[in-house]
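> Residue-level listing of the chains:
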Amino acid sequence: MATKFNLNRQPVPDEEINSHKDFGELVNKFKKQSIEKARSDASFLKNKKATYSAIIAGVAVVCTVTYFSVFKKEPPKETNNDKIITSQKNNTSTQNTKLNKAFIEPPISKLNVPYTSYKVKAEQGGTLKHKSNSKIIIPKKAFVNKQGQDIIGDVEIKYREFHNQADIIASGIPMTYDSAGVQSTLESAGMIDIRGYQNGEPVYINPKKQITVEFQSEHTADRYNMYVLDTVAKNWVYVSRDNSLKGQKHEPSKTSAADATNEKAESPKTIELQKQLEAIPPKIEAEKIVYTKKVNQLPKVVTPTKPTKATAGRPQFELDVNYKEFPELEAFKNAIFEVGAENQNYNSKLADITWSSAEVSEGPIKGKNYLLTLKLRERVEKLIVYPALTGADYDKALKSYESKFNDYKTAVAKREADEKRLKEEFEAKQAAFVTEQKRLTDEMIKERIRWQKEQEDELNRKFQSITSQEKVTRIFNVTNFGICNSDCPTSMPQGEKMNPIFVINNSDSFIRSEKTYLVCHSKNVVYNFYTPSISYDPKDTYSLCVLSNGKLYLCDKTQLGTCFANKQNKIPVKELSVDVNDSYELKKALGI
Amino acid sequence: MLLDAVHMEFSPRYHHTADMLLDEQLIIEAAKQNPEHFGPLYDKYYKQIFGYVYQRMDDKDTAFDLTAQVFLKALTNIEKYEYKGVPFASWLYRIAHSEVMQLFRNNSKLRTVNADISDLRNICEEVEEEYMEQYKGILMTVIKDLPEDDLQLIELRFFEKRAFKEIAEILNLTETNAKVKLYRILERVKKTLTKTSK
Chain A
54 MATKFNLNRQ
64 PVPDEEINSH
74 KDFGELVNKF
84 KKQSIEKARS
94 DASFLKNKKA
104 TYSAIIAGVA
114 VVCTVTYFSV
124 FKKEPPKETN
134 NDKIITSQKN
144 NTSTQNTKLN
154 KAFIEPPISK
164 LNVPYTSYKV
174 KAEQGGTLKH
184 KSNSKIIIPK
194 KAFVNKQGQD
204 IIGDVEIKYR
214 EFHNQADIIA
224 SGIPMTYDSA
234 GVQSTLESAG
244 MIDIRGYQNG
254 EPVYINPKKQ
264 ITVEFQSEHT
274 ADRYNMYVLD
284 TVAKNWVYVS
294 RDNSLKGQKH
304 EPSKTSAADA
314 TNEKAESPKT
324 IELQKQLEAI
334 PPKIEAEKIV
344 YTKKVNQLPK
354 VVTPTKPTKA
364 TAGRPQFELD
374 VNYKEFPELE
384 AFKNAIFEVG
394 AENQNYNSKL
404 ADITWSSAEV
414 SEGPIKGKNY
424 LLTLKLRERV
434 EKLIVYPALT
444 GADYDKALKS
454 YESKFNDYKT
464 AVAKREADEK
474 RLKEEFEAKQ
484 AAFVTEQKRL
494 TDEMIKERIR
504 WQKEQEDELN
514 RKFQSITSQE
524 KVTRIFNVTN
534 FGICNSDCPT
544 SMPQGEKMNP
554 IFVINNSDSF
564 IRSEKTYLVC
574 HSKNVVYNFY
584 TPSISYDPKD
594 TYSLCVLSNG
604 KLYLCDKTQL
614 GTCFANKQNK
624 IPVKELSVDV
634 NDSYELKKAL
644 GI
Chain B
8 MLLDAVHMEF
18 SPRYHHTADM
28 LLDEQLIIEA
38 AKQNPEHFGP
48 LYDKYYKQIF
58 GYVYQRMDDK
68 DTAFDLTAQV
78 FLKALTNIEK
88 YEYKGVPFAS
98 WLYRIAHSEV
108 MQLFRNNSKL
118 RTVNADISDL
128 RNICEEVEEE
138 YMEQYKGILM
148 TVIKDLPEDD
158 LQLIELRFFE
168 KRAFKEIAEI
178 LNLTETNAKV
188 KLYRILERVK
198 KTLTKTSK
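Chains as they are written, first to last, in the working numbering: chain A, 54 to 645; chain B, 8 to 205.
Looking at chain A on its own, in the form it has when it is part of the complex (with noise of 0.2 Å):
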């Protein structure tokens, strides 16, 4: 069917579109789908027999999808181990909706808090220590593949942990808590993740067992509850009451470097040394090959010929020489050509022809014979042949050999002296690489042992402030890898709300922000907002970090507070310094 064409058809009024507006049916139908489709995952769910169980919550949008697994006694799920950043199931949780995002995002990648790596034999178990004086006990055979069979032999275990907060801004690890539609935001009294693999494959926790983390925690009060997060249903799921065990004090942890392997880079130092050693190999190539072409491109010395004595009866030839193409037989001017005794075809006879042409090229030994070639019409004869020299001109050419032999003599000496000095300018340079390489790798031990030194110190550092406050030991019980955390739910901050624009160092430039990070300095808890608004207690003391670009930007509790009491929504940040490698630094930047 043809389309129609319709001219100059009437608009319609905006009174008529108007009408045709409505927001709230929108917004209704929105939630209707949403929950909906809430409905049919969770029957998805049952379906597949999985260990989930959905709960709708009204018609406000939120879906918790609740994980019964973590803590108890059932047979092991990958779900906990290694999907953790791969996991994007849809959930309509307003904090958990970011489909394209993974649901532990680090903002920064260097920041990110390391693992530790411990071995441990699975048939043995054993207890480690973790630099933080925290103890990993794993009982004997607390192990099992995915098909649920006991694992032997060593285990590798990673495992870190999370004290503050710029701990858990570095970690990305997502700290909103979703309890029944009732968002919050979790303060943490300490929080661990930890792994195990064999041979780069996943293990997981033998059902009939459980792995114990005596956590030092800094936090001793006693509102924490344990929870384990759920990256499928992307929340937290309470587990218990925390089982803490107060007023223990540590000693700083003596862990060197040796007993763990910790995931620490070079130092920028070294990384450069490294970078100088690995050119000079080239450099020491690159000399070789200037130093052989100079060789080369020395003048060459030709050696001249000694004339010699014309035999008396061997059978001779009288030749014209272009002594430009044989200049070694100037010395033979007006030589005559003897046929030498090893020419088996030569016979007195081809002396009687008149050949129609002779030609002289380079005999069998250089510079000593020559192939004399004779050719008449189709007969081609070959002779090899040594230029000789009779009476006087012998007598005159050995003279002229003689000077020439002197000159020849200085020449070689001369080439030698330069070869010489060639080569002792080039193994003066090979040795000056070699002096370079040794200062470098040199170097680059002492600021490997440096650098080394340094991380243990700063690590004692950081655990020294936590050693010496009073601490508490948190227990963690963990039947399946991941992420455990010793938590109490807390509400967002209220009493002031806020649009701030952030202002580069005061400048006209501002960024946007992608995710706006609170950080509350009363409790180790950081709010997160991805609106435009943020909203805070007045009397209570915040910095704030906020990721624009893939770049984190800063602004001190002080310059904060100020702008928040003057209700200033200009707010100037800082980007994050470039020598801000860890989360340690992030801490001490954010004036925690």
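Derived from the structure by calculation, the hints contain no laboratory data.
C-beta atoms are modelled at their ideal positions from N, C-alpha and C, and glycine is treated no differently.
A couple of the hints might just be wrong.
[What the hints assert, rightly or not] Listed next, with one range per pair, are the computed distances between beta-carbon atoms:
# : chain 1 : residue 1 : chain 2 : residue 2 : range
1 : B       : Asp30     : A       : Ala618    : 52 to 60 Å
2 : B       : Lys168    : A       : Tyr583    : 32 to 40 Å
3 : B       : Lys91     : A       : Tyr583    : 17 to 25 Å
4 : B       : Thr181    : A       : Lys620    : 45 to 53 Å
5 : B       : Met108    : A       : Thr615    : 54 to 62 Å
6 : B       : Ser115    : A       : Phe563    : 26 to 34 Å
Once you've looked at the hints, dock chain B against the given chain A.
Relative to the frame of chain A, chain B by itself:
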């Protein structure tokens, strides 16, 4: 051909300053968190999207229904929306384009072409032909018989007076590609007009 000519008044609705884009982006981010915050975007673009949909059909009720469908899809998928430096409108138009095309695939009878006589004059000017009354019928026939993709380009450029940048974003083409394609369509239109006038 004067494809870049500015004698046609193109819709200024699409053009946004950096501040406007920022404001819009902030609303989008808020809407990602809470669908209630989608309101300003709905208000801002409802009329435009309805206009786009209704431009391609006769049935007003269907156009209103489809417009509602476009916004529901937008709200459902707003999480997936990524800011790429262009107004949110281009994303909405893409959804609208897809919904309209789906509707026509299901029921091609609903497809109509709607234009003003001034639009036909503009096409004549573009192909450097003086508009004559006799061209009206020829142009209407040529245009409605165009393949859907070509018709889209003519509609967007001449009947809706959109800039090439916007056309390219709606149709998921490069700006150059949109220009080249339109140039070729106009060449064919010109040939038909020249042939007929002889």
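> Of the numbered hints stated previously, which ones are contradicted by the structure, given in increasing order?
Those not satisfied are hints 1, 6.
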